[in-house]
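Undergrad: Residues per chain are reported as follows:
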Amino acid sequence: MNRLQKAVKDIHTVDAKEAGRKGQSKVHPLSRLAVTVLYILLTVSFPKYDLGGIGAMVVYLLITGIWEEISFREALGRIWPVLLLAGAVGIANPFVDRKVCWESGSLAVTYGMVSMVTLMLKGIFSVMASYLLIMTVGMEGICSSLRVLHVPKEFVTILLLMHRYLIVLLKEAERMMQAYRLRAPGQKGIHVNAWGAFAGQLLLRSVDRAQTVYESMLLRGYTGEIIGKRPVGKRGISIGYAVSWTLVLAGIRILPVFQMVGSLF
Amino acid sequence: MHMADALVAPVVAGTMYACSGAAMGYSMKKVRLENAPEKIPVMGVMGAFVFAAQMINFTIPGTGSSGHLCGGMLLSAVLGPEAGFLSMIGVLLVQCLLFADGGLLALGCNVWNMAFYGCFVGALVIWKHFMKKGMSRKKIMAASVLGCMLTLQMGAFSVTLETLASGITELPFGIFVSVMQPIHLAIGLVEGLITAAVLVFIYEARPELLWGYNAQGPEGARKPKMSYKRTIAVLVIAAAVTGGLVSLAASSHPDGLEWSMEQVAGTAELETEGSAYALAGEILETTAILPDYAWKSSESPTGTTFSGIFGGAVVILLSVTGCYILRFFKGRSVKHE
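Just so you know, the sequences run in chain order A and B. My numbering puts the first residue of the first sequence at 1, with every later residue one more than the last. My numbering puts the first residue of the second sequence at 1, with every later residue one more than the last.
Check each hint, because a few of them may be wrong.
[Claimed, not checked] To give an idea of the interface, some chain B residues facing chain A are shown, with a C-beta separation under 7 Å as derived from the structure:
no., residue
1, A4
2, P10
3, V42
4, G44
5, F51
6, I56
7, T59
8, A100
9, T169
10, F201
[Stated by the list, open to error] Straight line, CA to CA, 27 Å or less: simulated BS3-like cross-link-like pairs of lysine-lysine:
no., chain 1, residue 1, chain 2, residue 2
11, B, K39, A, K171
12, B, K139, B, K128
13, B, K132, B, K39
14, B, K39, A, K153
15, A, K17, A, K6
16, A, K171, A, K188
17, B, K133, B, K30
18, A, K26, A, K153
19, B, K39, B, K139
20, B, K29, B, K39
21, B, K30, A, K153
22, A, K153, B, K29
Just so you know, the hints here were simulated from the structure itself, not pulled from any lab data. Ideal Cβ placement from N, Cα and C applies to all residues, glycine included.
Please model the complete structure; the sequences and the hints are all you need to start from.
TA: The structure is reproduced here in structure tokens:
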């Protein structure tokens, strides 16, 4: 599967999840967005040697994932790029920071190793939290949250249109690529002679499409803002969701949960 | 060059959110001032186009690897810097949410590193400068390559600073920079070439889509609002009014230099001794038509007015003559070449 096909599949997965959830969620997208941002903020704020502290943050991911019936396999499929990036940035840590923090026989774990693993965990958890957010609220939910936060309506409209036409243009690009591959078998990408014409044609079609879209919007009474479906979250449940997760996450951040639980046994 | 959440400390993320938010507010204001609602769908669809186009692999000849186009530079070359910047924010937000490219916390950093430099520096510093006197294929190529390389270098340098400020890596600043900058120089060159190819195609097919394109061609690209003769006439009248009327209100107090000399030396007139000084003073007394901005041996205000007009005329005459002389020599030197 090439990048274009994978991108189309990823969007379809999110859209299918969103379609299957319509009217079921009682939590407003804004509450979920706030909890996700808080979660990422607290995760990255852990000290670089606090491996146990960061480990405890997995609780949120597990509970949300299982409760919302989201595939962890799909979520884990997204962590490779961030794992590589965090690994590349943190690769120097074990070589520079060689102070031993734990030793058992000939096996020694240095602070540099711990900080590298911590960095990778921060990356994985942040990506998974964002994935859970988009899978639980969808792009329309994010857009409605942004409007509640007084983000300008023009920007939200741009975002919504971008999301709606992403799949169309990705499929169009994929069709063009397929046609090109059939005429140029064995070629890895677009040849230098066709660089401009290939993407340029797609751009011209996109601009023409935008003009048609605008005319259609005008015919349907567009007055500067696309009015999407209103989120169905219940106020009390949404506030309760945000407050309870804030308390739990703050507790995990402040208290050494893993050590406390371990000391009970 | 997308930064992940794990690479940014909350303080750095907050600071970069504030910077990017300010740029977004400015762009939004400018887009609203344009009052072109038909541009909003174009911005949305163009954002989707950039996303789709970045998924296409362009083969780099002789290397076996591939590259993709530079979104910020392309968007600002089509939509303008402000609209392009807003579209790029949308692209980065979708990338972070749907494809785990970047992160919610690092979004402020990514917007700054990729969208801000790509759109504002790329469009206002590079593109606008190159297209000042009209567009051509060569100019588009040069602006795209230079713009992509420069903005990517700036973005990569910002990534280094943000990562180090976050205290994430143990790598020293020098090593980090020496790894980041050359890699992004090569990437910038490839992205610039691909972007140039696309923009040249647009220039050939539908040039009116490009930002800053003037349908009247290179000659009409910067058509002055006022003709040459009218400009000269206005300048002459302005000089006459300034010299003739405003000079009546000339202060009798000493100017800044004279005042300073009075404070230091007690007098505004320098004491000069010697035959050379005396001779120069005599020549000046004899030849000066309007000594001390007035008729000789007269305190009449008409003298001040006349001196203003006369002085203005002399300055204009000298400037024009000087320009013509310089142009004459410039023309000769070009012919010799």
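Undergrad: Could you check the structure against the hints above and give me the numbers of any it violates, in ascending order?
TA: none
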